[in-house]
Structures are given as structure tokens and as C-alpha cells.
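Novice: Sequence:
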Amino acid sequence: MGAVEMLSVDSISFSYGAVPVVSNVSFEVRSGEVVVIMGPSGSGKSTLFRIITGLQVPDQGECRFLGQPIHGVARGMFLGFQDYDGFPWHTVSSNIAISRQMAVGQRPSAMEIKEIAERVGLNDSLSKYPSELSGGMRKRLAFARCIASNAKLVILDEPFSSLDSSSRRELQLLTGEVVAATACGVLMCTHDAHEAALVAHRVLVCSGRPLSIRRTVDIQYPAPTEADPAGYEAIEQTAHKLIRELARPP
0 MGAVEMLSVD SISFSYGAVP VVSNVSFEVR SGEVVVIMGP SGSGKSTLFR IITGLQVPDQ
60 GECRFLGQPI HGVARGMFLG FQDYDGFPWH TVSSNIAISR QMAVGQRPSA MEIKEIAERV
120 GLNDSLSKYP SELSGGMRKR LAFARCIASN AKLVILDEPF SSLDSSSRRE LQLLTGEVVA
180 ATACGVLMCT HDAHEAALVA HRVLVCSGRP LSIRRTVDIQ YPAPTEADPA GYEAIEQTAH
240 KLIRELARPP
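The sequence shown begins at 0 in numbering that gives the first Met the number 0 and counts up one residue at a time.
Honestly, the hints are just simulated from the structure, not real lab data. Any given hint might turn out to be false.
Claimed, not checked - Just the calculated beta-carbon pair ranges, DEER-fashion:
1) GLN236 with SER160: 20 to 26 Å
2) ALA17 with GLU235: 41 to 47 Å
3) ASP163 with TRP88: 24 to 30 Å
4) LYS240 with PRO68: 33 to 39 Å
5) VAL72 with THR215: 25 to 31 Å
6) GLY75 with ASP9: 18 to 24 Å
Cβ atoms here follow ideal geometry from the backbone N, Cα and C, with glycine treated the same way.
Start from the sequences and build out the full structure, keeping to the hints where you can.
Specialist: Below, the structure written as C-alpha cells:
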């Protein structure tokens with residue numbers, strides 16, 4: 000069975016008053032792939048994400064999730080913004096359970112919760128609250144909630160921006176593992192070229208404000224893993240190419 004189109008973004012434009020922020024943006028995200036939007040800070044990426052998630056109405060164009068126009072946050076879509084720590088008054092275990100219940104109307108069993116926690120490295124933290132977790136562990140909680148929700152489309156706005164390099168690399172690799180295991184589609188944004196080269200199947204290189212897609216870069220090499228790190232040289236070369244693209248005048 001071929002990949003399914005999870006998200007379609009068709010000719011989206013948006014302005015704040017007379018100031019254009021997003022200009023004629025079109026792309027798609029299919030099942031089992033990670034699409035990364037990369038551009039400079041302040042380029043309009045977060046505004047585009049708000050439109051895609053139904054939190055902002057575009058001036059022109061349309062976004063569709065599984066073929067249906069997006070009007071408000073759609074069931075089957077998981078949103079992960081920069082400070083997504085879960086529900087602070089619930090434990091890790093309860094956060095995972097609530098995510099499943101909100102998505103499908105049924106709480107997972109204790110065994111299912113444990114299995115999800117083990118997949119993301121939280122099996123020793125089930126009774127802790129988000130405030131008791133490190134930044135990296137809170138990001139892992141977000142991945143656990145995502146897996147529990149059975150999301151078809153995962154939207155991540157600079158998900159690893161506040162982490163140390165070691166935690167960042169672990170979660171970048173975990174992104175690929177989650178996609179491979181669940182066949183969800185992932186759309187994320189970053190201005191880190193190495194991160195984009197590591198996690199993406201396709202990178203949409205964007206201009207500064209107003210945001211528009213300057214070029215699409217397909218990632219051809221298999222993503223490396225901790226067990227099989229081959230491919231880092233190709234990642235380095237792709238990252239330098241992405242950096243040169245960002246530096247080029249529009």
C-alpha cells in the first residue's frame with residue numbers, strides 16, 4: 000500500500016494588516032515521512048503552523064487533513080509547540096492515558112502505558128509530574144503522548160530548540176523511530192540545518208518574511224542510527240548545502 004497524503008497545503012497566504020507574513024505556500028505531507036520547514040528566525044514559520052493547525056484563518060488558500068478542509072484542530076492531529084510539557088497536574092502515566100482517551104475515547108491498560116513509556120525511555124518516571132522531569136524528559140513525554148494518541152499527523156514547532164546536544168540527538172533519532180513504527184506524517188520547523196538534514200525526508204527551504212518556499216531538497220540517504228551511524232558524512236554535506244541555500248538572496 001502506498002503512502003497516504005496526510006496534509007495538503009494549497010496556496011496559503013496571510014498578512015497582519017498590510018504586512019504580508021506568508022506568501023503562496025503549497026506542499027504536502029505523506030504518511031511515513033518527515034517534512035521540515037527551514038528558514039530564518041522571524042520568517043513566519045510559526046504563523047504558517049497556526050494556520051495549518053486551524054488556529055489561524057488564512058487570507059487565501061486552504062489546508063486539508065486526510066482530504067478534509069481544516070477548521071479548528073482536527074482529531075488525529077498531534078500538536079507539539081516549543082513548550083509542550085503535557086498536563087502539569089497529571090503524572091507521566093496519567094498524561095499518556097489521557098492522550099489515548101482524548102484521541103479514541105478509551106483509556107489504555109497499565110501494560111500499554113508501560114510499553115509506550117519504555118519506547119521513549121520514561122519507564123522509570125511514570126509516577127513523576129512534568130515539573131519533576133528534565134527538559135529532555137519532558138520532550139520524551141510529548142513523544143509518549145503522541146504515540147498514545149495514534150496521531151496520523153504530528154506537527155512540531157522547533158521541538159528540540161532548548162535541549163543540550165546529547166538530548167537533542169537522541170530525540171532527533173527517536174523522531175525517525177516513531178515515524179517508522181507508526182507510519183504517521185510529521186511536519187516540523189527548525190532553523191538548524193544539521194537537524195533538518197538528520198531527520199527529514201524533504202526539507203522546504205524558505206525565504207524570510209513573507210515566508211515562501213524557495214527550494215525543496217529531497218534527502219536521499221538512509222537516516223543513521225546509534226547502532227549504524229553510516230551516513231553522517233552525507234548529512235554534513237546536505238547541511239552545508241542547506242546553509243548555503245538560506246544565505247542566498249531571494
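Novice: Compare the structure with each hint and give your call.
Specialist: Hints versus structure:
{"no.": "1", "hint": "GLN236 with SER160: 20 to 26 Å", "verdict": "24 Å, holds"}
{"no.": "2", "hint": "ALA17 with GLU235: 41 to 47 Å", "verdict": "42 Å, holds"}
{"no.": "3", "hint": "ASP163 with TRP88: 24 to 30 Å", "verdict": "27 Å, holds"}
{"no.": "4", "hint": "LYS240 with PRO68: 33 to 39 Å", "verdict": "35 Å, holds"}
{"no.": "5", "hint": "VAL72 with THR215: 25 to 31 Å", "verdict": "27 Å, holds"}
{"no.": "6", "hint": "GLY75 with ASP9: 18 to 24 Å", "verdict": "19 Å, holds"}
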